[in-house]
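*Asks:* Residues per chain, in single letters:
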Amino acid sequence: MFETPLLKTEEKFGANIGEFAGWNMPLAFTSYLEEHLAVRKEVAFFDLSHMGRLRVKGKREEMEKLICRSLNTEKGKMIGPTAFLNDNAGFVDDIMTYKVSDDEILIVTNAINREKDIKWITDNSSLNVEDLTFNYVMIAIQGKKIWDYLQKPDLEFLNFQLNTKFLDENVFLLSRSGWTGEDGIEVWATKETAEKIFEKLLNKNIKPAGLIARDSLRQEMGFVLYGEDIDDKTNPIEARYWVFDISKEFIGKEKLVEILKNGVRKIRIGFKLKKGVRTIPRNGYKLKALDTEVGYVTSSTYSPYLSRTIGMGYVNSSHALFGYSLSVVIRDKEYNVKVSDFPLI
Amino acid sequence: MSSEVKVGKYIVLVDRFYTDTDEWVKIDGNIAIIGITDYAQKKLRDIVGIDLPKVGQKVKLGDVVATVESVKAASDIFSPLSGTIIEVNYTLTEEPEKINKSPYDEGWIFKIQLDDDKEKEKLLTYDKYVDRIKGD
Chain A
256 MFETPLLKTE EKFGANIGEF AGWNMPLAFT SYLEEHLAVR KEVAFFDLSH
306 MGRLRVKGKR EEMEKLICRS LNTEKGKMIG PTAFLNDNAG FVDDIMTYKV
356 SDDEILIVTN AINREKDIKW ITDNSSLNVE DLTFNYVMIA IQGKKIWDYL
406 QKPDLEFLNF QLNTKFLDEN VFLLSRSGWT GEDGIEVWAT KETAEKIFEK
456 LLNKNIKPAG LIARDSLRQE MGFVLYGEDI DDKTNPIEAR YWVFDISKEF
506 IGKEKLVEIL KNGVRKIRIG FKLKKGVRTI PRNGYKLKAL DTEVGYVTSS
556 TYSPYLSRTI GMGYVNSSHA LFGYSLSVVI RDKEYNVKVS DFPLI
Chain B
19 MSSEVKVGKY IVLVDRFYTD TDEWVKIDGN IAIIGITDYA QKKLRDIVGI
69 DLPKVGQKVK LGDVVATVES VKAASDIFSP LSGTIIEVNY TLTEEPEKIN
119 KSPYDEGWIF KIQLDDDKEK EKLLTYDKYV DRIKGD
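Taken in order, these protein sequences are the chains called A and B.
Residue 480 in the numbering used here sits at position 225 of the first sequence; the count goes up by one each step and never skips.
Residue 86 in the numbering used here sits at position 68 of the second sequence; the count goes up by one each step and never skips.
A few of these clues could be false.
Distance condition first, Cα-Cα at most 25 Å in a straight line; then the derived DSS-like pairs of lysine-lysine [as the list claims (entries may be wrong)]: (1) A:Lys267 - B:Lys90; (2) A:Lys296 - B:Lys119; (3) A:Lys267 - B:Lys61; (4) A:Lys529 - B:Lys116.
Derived by calculation from the structure, the hints in this document are not laboratory data.
Hey, can you work out the whole structure from these sequences and the hints?
*Replies:* The following block contains the structure:
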């Protein structure tokens, strides 16, 4: 089991620590409901040190072969979300890519896929991979009113800078990005610097939030979580996860083209339960149209912003009936599940 | 407020009995008031819903009488004693978070009129419960 370098600091601050993807991480500080609403209405920050971070060096052509989106962009831009696909066009991982130069990129991976990705890159190319995950803490500051609390950096959305300053501290990377649906910045810094940043954010009245709030925020937006909503058997078309440029060549493209031509059997949809229904269907629960099973749930949570249960799952493409209410059985009771498109808020 | 013991970050009240499944029981004559412990609510984290039993329902020791829904999981609440449910905390339907905020007081879940006065001898005293959660 790994743990975030900020664990001690966060425990002092009352963090409820728990396991996520093999890491001991802060799951909540107060209540995820409050932390979630802080991001939607004001601002909060997350420790994301579990996320895999890789530096990949080598020939651009080799990188292009691995990544589903074109790297044909300016230095200092992020490309993504994008993905590594297997030959069946299933997700090896969904990733964020940072273009440092024509022969160097940085990649953020899902925590559970870090080692698998390193092996996959090495197996499929002669690229050099350096694992930076344990060198830097990653902090994301996210929120609707973030710029009321912090000075806006001179960065467009999905742009980044290396070896720069954040709150007068030297940081390795600063980017304008996030995974909550709100504006924000993400920082990679050494443990010592990250601890200073933690203090400085608190002094600016920005409070920490845990991974439970991050999970409910991403579900409202319809963002997937690898292992729950996508895996190596799911392709980007059925996931409706537009992570590829079909005009370029990459591993899995051949199959992807075939899938696009033939269509898909299932597609990812969002859903909402009725207001006042205080229950959560879990991963694997069946979705039904009358008595017929037509799909299943992959993620669900209670949305404090909508005050109702939301989630996502897959239904047969014959039953991707947006606006129609399918049903789900939770502990012998049937509930309406309204098929909805993303974002759910 | 009755006196309490702190075990790490968890509060245990001296005037209650407890179960191995983390319910607390307050005995008042032949009536028992039941809820879940501070330890249980902290383990479950944010509670977002609850399925409550019905008033008049007869229950046996160990029966599942309620289910608490948190973002983490749905967890069953077991009846610590046998008897008839005489009152249910319906306010939890709208505000299940009361269980997080006030597990021993506003977050009580149901009351039972007891069938068997001797059954309560099977419950854990507070010091036994303290031992159970110590070091967790």
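*Asks:* Now look at each hint and say whether the structure bears it out.
*Replies:* Comparing the hints with the structure gives:
Between Lys267 of chain A and Lys90 of chain B the CA atoms are separated by roughly 23 Å; this keeps the pair inside 25 Å, and the hint holds. Using a Cα cut-off of 25 Å, the hinted pair Lys296 of chain A and Lys119 of chain B holds, with the two alpha carbons roughly 23 Å apart. As the CA atoms of Lys267 of chain A and Lys61 of chain B are separated by approximately 18 Å, the hinted pair is consistent with the 25 Å bound. Annotation: proposed proximity of Lys529 of chain A to Lys116 of chain B holds, straight-line Cα distance about 22 Å (limit 25 Å).
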